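There are 2 protein chains.
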Amino acid sequence: MSSQTYLAIAHRKFKTLQSLIPKDWLLDPLPDPLPLDVRSLVSKSTVLTPDEFSITSSHDVTSLSQLIHSRALTSEAVTTAFCKRAAIAQQLTNCLSEILFLPAIERAHALDAEYKRTGKTRGPLHGIPISLKDTFNIKGYDSSIGIASLAANPAKENAALVDILLEQGAVLYCKTNVSQTLMALDSHNHLFGRVLNPRNRRVTAGGSSGGEGALIAMGGSVLGIGTDIGGSVRIPAMCNGLYSIKPSSQRIPFIGQEIGQLPGIDKLGVQASAGLMATSIRDCELFLKAIANANPWEKDPNVAFGSWEGQGEIGRKPLFGVMRADGITTPLSPVAKVLDETVEALRKAGFEVVEINAPAFKKYHSLANSFFGIGGNNHTFDILERIGEPLIPWLNTRLRRKRPADLMQLSELHVRKSTLEKEMLEIWRDEDGRRIDALICPVAPHPVPEIDRWNGVGYTSAFVVLDYPAGTLPVRDVSNDDLKDELPESEVLGGWDSRNRDLCKLSTFIPLVLCLSYHSYMFQTSGYPFPSSVEAVVNPILKCYADPSESGHPNLKDRTVYLNTKLSVQVVAPRLQERRLYQAMALIDEILHGASSENSARIQSWSTVA
Amino acid sequence: MSSQTYLAIAHRKFKTLQSLIPKDWLLDPLPDPLPLDVRSLVSKSTVLTPDEFSITSSHDVTSLSQLIHSRALTSEAVTTAFCKRAAIAQQLTNCLSEILFLPAIERAHALDAEYKRTGKTRGPLHGIPISLKDTFNIKGYDSSIGIASLAANPAKENAALVDILLEQGAVLYCKTNVSQTLMALDSHNHLFGRVLNPRNRRVTAGGSSGGEGALIAMGGSVLGIGTDIGGSVRIPAMCNGLYSIKPSSQRIPFIGQEIGQLPGIDKLGVQASAGLMATSIRDCELFLKAIANANPWEKDPNVAFGSWEGQGEIGRKPLFGVMRADGITTPLSPVAKVLDETVEALRKAGFEVVEINAPAFKKYHSLANSFFGIGGNNHTFDILERIGEPLIPWLNTRLRRKRPADLMQLSELHVRKSTLEKEMLEIWRDEDGRRIDALICPVAPHPVPEIDRWNGVGYTSAFVVLDYPAGTLPVRDVSNDDLKDELPESEVLGGWDSRNRDLCKLSTFIPLVLCLSYHSYMFQTSGYPFPSSVEAVVNPILKCYADPSESGHPNLKDRTVYLNTKLSVQVVAPRLQERRLYQAMALIDEILHGASSENSARIQSWSTVA
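If you read the protein sequences in the order shown, they are chains B and E.
Position 326 of the first sequence, counted from 1, bears residue number 326 in the working numbering, the numbering being contiguous throughout.
Position 574 of the second sequence, counted from 1, bears residue number 574 in the working numbering, the numbering being contiguous throughout.
The set of hints was computed from the structure by calculation and includes no laboratory data.
Check the hints yourself; a few may be wrong.
As the list claims (entries may be wrong) - The calculated DSSO-like cross-link candidates involving lysine-lysine, where the alpha carbons are at most 30 Å apart (straight line), are:
1) E/337 to E/317
2) E/139 to B/422
3) E/156 to E/267
4) E/422 to B/139
5) E/317 to B/289
6) E/267 to B/422
Remember, predicted model here, so these are calculated numbers, not experimental data.
So that you can see chain B by itself, here it is in the shape it has in the complex:
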């Protein structure tokens, strides 16, 4: 029960993970100094062949699937390429938790043989490597979710989604790193260390599905599955400039995961969703359609019956709504601007966008937090304390054991929830009673922030409580002009709003050069996450600037931290109308990025790195 125990487990886990990367896939030595954008190191290394670089840089699932179907590529070639690139991603961003490279390549080989033998593929996912958040059980592998006491306990059966993906011919080759407790917005834990943002190591990779985000942004995966209860798919998607969709909770099978919560408690509060991150909007449709076609309700009793075609659609002349602020935190200028640019682009293209004022929305921030806390965090502390594992610093000031909610309190929460849900139905009609096809709003009130500085999840968690499908769509990079903007002129709305403004205020307290050297040091320790180092070295450093409430230096050192990050918007549709959401996102994407840019995120991403 000593603190050595969890460090020893972490040490073993890291060694095992490291041992599963073939020697000739190692980047050795790492360049010194490391660039802020580590994606550039992919093309500079000799690990990938030119073909493998091309396979992993130039395609989304849709195009890879076409190439496998037309026999221009084998699954084995595709899988090998992604395994190698995932290995690189792991070394540079610390994004993996479980490695299945060898069995994955064997499976890809078998799928190729099956296709050759039968002349039939299993569908659009046949032969496609898909990465999964560590939470999903794969028989024979841990679902440790970054907690030492859960390690060395291989799953006895597959999650329902895993079974479906395998039936559909997908190739599972890795699981990805998460935040401790899954309730932090940086993917950092003592077992695997911290996930870094590949395009800009100074900012967060997001959480809790941060390993997925970083892996895909590195080109190490073309489609990843995460889970989202506060924004845990959409936040890392925004941080890594990806498309994402968090469906309603009854769409994608969720059962068979380790989520670090008291079993059954999820049924008393709000339901998390499994969701996806992708590099193109069309892949979102491909995936959601493939899952719907697989009769997922026959594997997971919580999944709603319904075909993809039965999941709604936008009108012939869609009407959009825009919700510019949640009433708790006023979006900082770059966020407000990119939302406005999106609205203007839609209007210029001939679409009407009406302003949505939803007074009920501001109540979701505290309601979601109340729901997250119903268990009083006791199960979390129980599994950590089993072997004396401490909280990560960001959580250390935020998480306490509390008395669990009783039946009266739980009932009252649900009354509040039901009342607000009813009120929120009104956002789907404009003043003239016309149907709003989709809602556009920020993903967060700030750009991708520095490590450990994500400020509240009201813009994302509300749509979990509402169970609305919601997605993120990358719009453009932060520009130098964005950095010159003033703070919002409106009055400060409260503590959340004040801390949000801190993300744009400049301070000269700590010289920039010192900050950067901290970052560089931190990377080297957390990039190779020897747990003792994580504990002894990284945490104090992070603590000195990561937590506004503790550090005493809440302001930004340098707004250029935001350069080379993406600004995104969130798109939302009514509950269980995932197809309507997808169609709205596809339309907005086309208007923003052009009709030919179905593969836009990936193409944009790598054109800036090449």
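Chain B is fixed; fit chain E onto it per the hints.
Quick look at chain E alone, frame taken from chain B:
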């Protein structure tokens, strides 16, 4: 706070209700002695004109709708006819809780004028009178659910379903009587008295939506809406020989009801469904389709998005499963026989029926009961004790205040629920992996029992916990031959099974003639439910034979009580596949009753009475 208070309220409520029946609609005097089957009194009275008798005897919603659309009938004529017949039903079975006859006829008149003016109806429900369980809020009317402290408190707004029905052109003309607390299987309370079974006053009308069942069986309604959490739609449907469908909980808007529970607590356990009772299977489709077409998810956030066409379908050569017993109570012979006859009819018609053995099913009986008890009944006692209202005798030995479940207990219940749900998915495939299109099983392990003798709800409550759509289908009357059968030969499975057998065992302890005279007396007091009489006279009588655990005379006095009751089967489909359920039921109905008998229950019912 004295016991006088609730009696005074009940007295006022009864007088108000009585005053809303026009004088010339009163059956005065009532025949003495009353027949056991009071339906015969409808045609003998002069309240209905021959046309009105025909309108209310010869049609289902489908045919009435056609006649209104073709202008062969006006809504006013139809509504007036059903109001009058509902008034008769009320006098003979005590089935109503609120009367809206006058505004209903005015509304029907306005709907006729609208149709005349616009040339358009609002859809298939245009002008159709629909009755609702007392739970549904109608602005300006009580939802007292038979509890005195909830009376004289008119609803401030309509239930979501009420708004939809009004939009669709339905005419709401009455609300119907329920069981105290909604958790008893006889519809009996101190505010309105007891609902009697119109076809056989010796047996129960069922509950908790018993008023609906009796009203429809009397011909006083052609379509009624109830709610079902343990079987509260299906049980009165069986008792009154009706078709019914309890959909999954997310199909028909449920919000805006008084259900006598702690607000919000329903979200912590299992969700009740709103469901319908009808006189033909085709009306079930008509209604469910009309609701789906009305975009109910825009009125009630809990309703799942999805068109009627998106709610599943049976295969071209459907495969049926039969589950003959739940492992807790072995069906008595008439129930087993009618199930077997149904299976044989299907096989004879060329359909395959496979035996389903679902060991998980037997665990649902106690699981459902655990869920029903999570609040410890405290809210129920609170609203009763507010003015000193006692429990009805049947509940008095069954309901106690208990400590509410805590978060750990609630979570554990949901773990049990999830585990069983996963196991139960297996019933939808046979041993060869073929899809089972629908499941056939008993509604209850006994025929329609004597008053206050319903024995457990395991066969119906399981499908609430599972959230599967389930319906009842009347097959045939109990025959004289059925009464000669022996008890099940299998061993007694436990207390539930033992009490179930008591319903067939003969005892001569109380002479039949005495029983009948009690019945006659009880009818006269509860048919005109002066509350003091209900309390002082009826209850002791009921007590002497109604409660096996208290009476000391658990056995049946006379098996002939079962004559002139219907035997039904239950049909079940997977969650959210209401159309698949309907199609299976329609097919079974056609095989049992012939292709031309779309209106079979109604026709059968009145042909035996005329």
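For each hint, the structure was consulted:
no.: 1; hint: E/337 to E/317; result: 25 Å, holds
no.: 2; hint: E/139 to B/422; result: 18 Å, holds
no.: 3; hint: E/156 to E/267; result: 23 Å, holds
no.: 4; hint: E/422 to B/139; result: 18 Å, holds
no.: 5; hint: E/317 to B/289; result: 27 Å, holds
no.: 6; hint: E/267 to B/422; result: 15 Å, holds
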